Amino acid sequence: MTVVDPAVGAGPRRSRGFRLPDNGYRAALAVAAAAVAALAAWFLVSIVIQAKPAFSTLGFSWIFQKVWDPGHGRYGLLPFILGTLEVTAIAVVLAVPIGLGAALALAYLVPRHTRSALSTTVELLAAIPSVVYGLWGLVVLAPVFRNYVEPFLSSALGWTGLFNGPNQGVGLLLAGTILFVMILPTMVAISRDVLAVVPNEQVEGAMALGATRWQVLRKVVVPGARTGLLGAFTLATGRALGETVAVALVIGNSPYIAHSIKSPAATIPSLIVNNFGESTGTELSVLFGAGLVLLVIGIAVNSVARWLVWSTAGSNVGAAAR
Amino acid sequence: MTVATSLPADPIMERRHAVQAAAAASLGRRKLGSRVAIGICWAFLGIAIVPLVAVVVYVVAKGLPAWNPDFFTHSTVPEGISGGGVWNAIVGTMVITAISIAVTVPLGLVVGLFLAESDGRMAAALRFTADVMTGVPSITVGIFGYIAIVRNYGYSGFAGAFAIGFIMLPVIVRAGETAFRGVPRSLNEAALALGARRATIARRVVVPTALPGVITGVLLAVARGLGETAPLLLTIGGNQYLQWNPSKQMASLPTLIYNYSSQPYADLVQVAWGAALLLMTVVLVLSIGSRVLAARLGKERR
Amino acid sequence: MWDLGPEYPLDPVIRAAFSLSSPSVQMPWVCSQVGGVALPAERTASVPTMTEGDAHMTNRNTDNGRRSRRAAPLAAIGLAAAALLTACSSSSSTPTTTTAPPGGTLSADNAAFLAADLKAPAGSLNASGSTFVQPFFTSAFYAYTGKNQGLQVNYQGVGSGAGITAFQTGTVAFAASDVPMGASDLAKMPANAGPVVQIPDILGGVTISYNLPGVSARLKLDGPTLAGIFDGTITMWNAAQIAALNPGVTLPAHAITPEVRADSSGTTYIFTDYLKSANPTTWTLGTSKTIAWPSAAVQTPKNSGVAASIKATPYSIGYVELSYAIQNKFSYAAIKNAAGNFVVPSLNTVAADANQKTSVSATDFSIVNAPGATSYPISGYSWAILLQKQTSDTTGAQVVKVLDWTTHTGGGQDLAAGLDYVALPPAVQNQNRTQLLTVTGTTGQALLTK
Numbered sequence: 007m008t009v010v011d012p013a014v015g016a017g018p019r020r021s022r023g024f025r026l027p028d029n030g031y032r033a034a035l036a037v038a039a040a041a042v043a044a045l046a047a048w049f050l051v052s053i054v055i056q057a058k059p060a061f062s063t064l065g066f067s068w069i070f071q072k073v074w075d076p077g078h079g080r081y082g083l084l085p086f087i088l089g090t091l092e093v094t095a096i097a098v099v100l101a102v103p104i105g106l107g108a109a110l111a112l113a114y115l116v117p118r119h120t121r122s123a124l125s126t127t128v129e130l131l132a133a134i135p136s137v138v139y140g141l142w143g144l145v146v147l148a149p150v151f152r153n154y155v156e157p158f159l160s161s162a163l164g165w166t167g168l169f170n171g172p173n174q175g176v177g178l179l180l181a182g183t184i185l186f187v188m189i190l191p192t193m194v195a196i197s198r199d200v201l202a203v204v205p206n207e208q209v210e211g212a213m214a215l216g217a218t219r220w221q222v223l224r225k226v227v228v229p230g231a232r233t234g235l236l237g238a239f240t241l242a243t244g245r246a247l248g249e250t251v252a253v254a255l256v257i258g259n260s261p262y263i264a265h266s267i268k269s270p271a272a273t274i275p276s277l278i279v280n281n282f283g284e285s286t287g288t289e290l291s292v293l294f295g296a297g298l299v300l301l302v303i304g305i306a307v308n309s310v311a312r313w314l315v316w317s318t319a320g321s322n323v324g325a326a327a328r
Numbered sequence: 016m017t018v019a020t021s022l023p024a025d026p027i028m029e030r031r032h033a034v035q036a037a038a039a040a041s042l043g044r045r046k047l048g049s050r051v052a053i054g055i056c057w058a059f060l061g062i063a064i065v066p067l068v069a070v071v072v073y074v075v076a077k078g079l080p081a082w083n084p085d086f087f088t089h090s091t092v093p094e095g096i097s098g099g100g101v102w103n104a105i106v107g108t109m110v111i112t113a114i115s116i117a118v119t120v121p122l123g124l125v126v127g128l129f130l131a132e133s134d135g136r137m138a139a140a141l142r143f144t145a146d147v148m149t150g151v152p153s154i155t156v157g158i159f160g161y162i163a164i165v166r167n168y169g170y171s172g173f174a175g176a177f178a179i180g181f182i183m184l185p186v187i188v189r190a191g192e193t194a195f196r197g198v199p200r201s202l203n204e205a206a207l208a209l210g211a212r213r214a215t216i217a218r219r220v221v222v223p224t225a226l227p228g229v230i231t232g233v234l235l236a237v238a239r240g241l242g243e244t245a246p247l248l249l250t251i252g253g254n255q256y257l258q259w260n261p262s263k264q265m266a267s268l269p270t271l272i273y274n275y276s277s278q279p280y281a282d283l284v285q286v287a288w289g290a291a292l293l294l295m296t297v298v299l300v301l302s303i304g305s306r307v308l309a310a311r312l313g314k315e316r317r
Numbered sequence: 031m032w033d034l035g036p037e038y039p040l041d042p043v044i045r046a047a048f049s050l051s052s053p054s055v056q057m058p059w060v061c062s063q064v065g066g067v068a069l070p071a072e073r074t075a076s077v078p079t080m081t082e083g084d085a086h087m088t089n090r091n092t093d094n095g096r097r098s099r100r101a102a103p104l105a106a107i108g109l110a111a112a113a114l115l116t117a118c119s120s121s122s123s124t125p126t127t128t129t130a131p132p133g134g135t136l137s138a139d140n141a142a143f144l145a146a147d148l149k150a151p152a153g154s155l156n157a158s159g160s161t162f163v164q165p166f167f168t169s170a171f172y173a174y175t176g177k178n179q180g181l182q183v184n185y186q187g188v189g190s191g192a193g194i195t196a197f198q199t200g201t202v203a204f205a206a207s208d209v210p211m212g213a214s215d216l217a218k219m220p221a222n223a224g225p226v227v228q229i230p231d232i233l234g235g236v237t238i239s240y241n242l243p244g245v246s247a248r249l250k251l252d253g254p255t256l257a258g259i260f261d262g263t264i265t266m267w268n269a270a271q272i273a274a275l276n277p278g279v280t281l282p283a284h285a286i287t288p289e290v291r292a293d294s295s296g297t298t299y300i301f302t303d304y305l306k307s308a309n310p311t312t313w314t315l316g317t318s319k320t321i322a323w324p325s326a327a328v329q330t331p332k333n334s335g336v337a338a339s340i341k342a343t344p345y346s347i348g349y350v351e352l353s354y355a356i357q358n359k360f361s362y363a364a365i366k367n368a369a370g371n372f373v374v375p376s377l378n379t380v381a382a383d384a385n386q387k388t389s390v391s392a393t394d395f396s397i398v399n400a401p402g403a404t405s406y407p408i409s410g411y412s413w414a415i416l417l418q419k420q421t422s423d424t425t426g427a428q429v430v431k432v433l434d435w436t437t438h439t440g441g442g443q444d445l446a447a448g449l450d451y452v453a454l455p456p457a458v459q460n461q462n463r464t465q466l467l468t469v470t471g472t473t474g475q476a477l478l479t480k
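Protein chains in written order, with this note's numbering: chain A, 7 to 328; chain B, 16 to 317; chain C, 31 to 480.
Chain A extracted, bound-state conformation (with noise of 0.2 Å):
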């Protein structure tokens, strides 16, 4: 929103204090966002530099290569980011949906005294650690999917040829699933901020025309709120391509590129967190660039979601968005 320059010339000033002047106001919070681009700015440089050496000596081919085994210097990255993208992809495809429902449920749909009750327990999914999900998806639902979920899910599905293969229990479904949880939290509480705020009047307005529930939250709330659900996907989806303990437990590692949802696979942060201890030379700086690689991707991903909500945008509606 575009804010109206008070005229200079405007009323006596009470000063009770120290008053921040407009131009230093805007000063300040210009010199904010400047210290967080410098940092973003440091943080790019460092990456860079200590993943030059890997594409000085290796090029840039290694980055779309199959086949990764270092003992034979043998570089290749395909396999991680094809993980990265079809576990992050999983979660994403869940969380979307089901976090929406929930937020427009919490928002609009519970009764007001449980209201707070029941988002905090839903905010309570963000306290566990990464680790605790890790280790409670190794132990507790890596059976369930191996024994039920999977060998449910090939017979009904089967079919589409997505759901090839043995039943592990680790793999790309059980790590997307696990994610999705992760980021559920996120998803929820943020969108139902959003949601809540939409503003009254336009409800009500619809409400006037005869719209039903359904049809007023889904034709006025949703779109009212669209610039802050998409926030809420960026968090969420940029927690679910970063994530890298509870995902390195339950993926199954396997550094090939996967042929069925079920498969066990790697994304970079696991390939990461399980091999830079102990690397060092040409495979630590290609760890770096792997990083690199990732941050490229988030960089694509967050630049799909803005085209898309900008391009299905329509006729602005609602004064809190833009």
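These are calculated hints, taken from the structure and not from any lab test. Note that the structure is a prediction, hence the values are computed from the model and not measured. Note that CB positions come from ideal geometry on N, CA and C, so glycine has one too.
Straight-line C-alpha distance at most 20 Å; calculated SDA-like pairs for lysine to any residue:
hint : chain 1 : residue 1 : chain 2 : residue 2
1    : C       : 218       : A       : 283
2    : B       : 46        : A       : 216
3    : A       : 225       : B       : 52
4    : A       : 225       : B       : 49
5    : B       : 263       : C       : 152
6    : C       : 218       : A       : 287
7    : B       : 46        : A       : 213
8    : C       : 341       : B       : 285
9    : A       : 225       : A       : 102
10   : C       : 149       : C       : 440
11   : C       : 341       : B       : 281
12   : A       : 225       : B       : 51
13   : C       : 177       : B       : 95
14   : C       : 218       : A       : 56
Coverage of chain A stretches by chain B, computed from C-beta distances (three or more under 8 Å per stretch; other residues unrestricted):
hint : segment
15   : 103–110
16   : 239–246
17   : 273–287
18   : 291–301
Add chains B and C to chain A, keeping to what the hints say.
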């Protein structure tokens, strides 16, 4: 009055009946669709709660046996020695998180305010940067902290706070911006009409109105910061003994959980679960406490 | 005789000597083994292996009171064991010669050195490295501080590689690594750092643990079979090679799930070192901390991750460090050693393997597949690394004294068995002391004193 014969067909009435029938049918369809969709939303809420209950029950079952007075007051002891606890890890986590919050929350909220008020290309670039920063894997953040601080100054609590702060910052920026944007423009304009300066508007209008959203965002960031393991693994160095000085190596609850849960000895694993339960409880308390705070300070919109 | 530790149950050899609880049929079997006659493989299949002795170890977990530190050496038992072995060996050779106990004898001035070790200057040290030794080091240093009251050692298990890096950059006083620093690691030391002293600090074994529903007998496996399982050529449990080693056991017709380490690990190194040694031509995946395992293998980080994965996955088999296998009561296989016997991993059998080759050094450190009837072939040392030319007299004195105390019987090594680690053979302990005596301070004086 003529009797019994039906009235001649009235095209207008018929049209009206047709429209009313269509509307009634539509309403029926829409109501049904609405019920189904609303039901799905409730179901999704239930789905969101189920894994939570499962994990919480699991952590409580495994962690509660570890809780005893010694657990909270004594530092860690090796395998086989009784009377140990996680006090050194609690202190480490408190100090590191406090430093992170003290630096990141003001900085992040100010930047969030900046982004909420500006629409220029710089702001868009910064917003994009913050979004990308949330996607950086925690291990890469840890490596950055290692390169930037540890290589020059050694392992320390400050290095850990730096790494955790890096993780928390974009969350606070984005969540803060989202909250600040939720403040209706009308409030802003009314304050401007009264001749207020922007700093005043920010302090008196925007922040209080956005406070519930801000608190949610800060809380999410802190919860994430409390639970992050990989950055701390590479920056704080760990310490079996009590250490309050953040310029030295410190212990922390997430790294303790990570290390102890991978031990072969059952009592150390027990300590790990006890620590996990403690972390969860801390965040629960923070969450409830901040809601109470938000209810008192801010205005609940809904 | 090496110190077995207070709670450690008596070696079957000794138990047989005292007729405590094992069938007496073991006695003649043991004697003929010690006499140098190796039993052929078929014979061992019908003779009880060392399993019965191991059962005692699993009872340990139920009684936490016994796990407190008690440093009383079992001198009487040791003497009796020495006497038994002497008697057995003399039964097939000249009656008047006495054989030195395997593993060597501790030097006579050990106690004097240990007493001096406890008088290190006060202060605190930072050390890091191998996660494998972390429980042992933590306990040993805690006990040391309990006696010394002035010196605290903060050891963090960040991984052997990270420990070496910290050592190279001077962040830690000493490091610990499962594989000693090699030429390339040493080349990265700063130019003025000087030579590096590397000493073994503890012994460990790698078990082949498995989860095989419906099979209660202990599996027997050998080098070629293991190589086949882990490089993907043997894929079914009822394969001919496995069945041939386990007659009378009904193996299920199910696929094998190999469980391996996802992260770089010294345990992987020892295991692949053994595979290479047992299969010089057919094991092609190499000897390294990181291996390109076939795609059928499930990779999980850390020993505990592999252990949890094995527990949760039926029909799986993987390599897990001994303390994990014992503490979690896994089923682990008896492995055929170089002498042709199927040996169950235990504190004793790992020690027997180490005793075969006590002159280890940083450049010659592999002890896998050692000869000897009771040797467990998949064993290895972990190493402590320090600078020979210390730059601070105080820190240097602290480091050498702590390490000397930790690596000797009467000091830290007494705690090993209680944690399911294997103590160093006395000959290795003596060598350690010799090495530590070469560590000098700022004026070139030796820092380790009596």
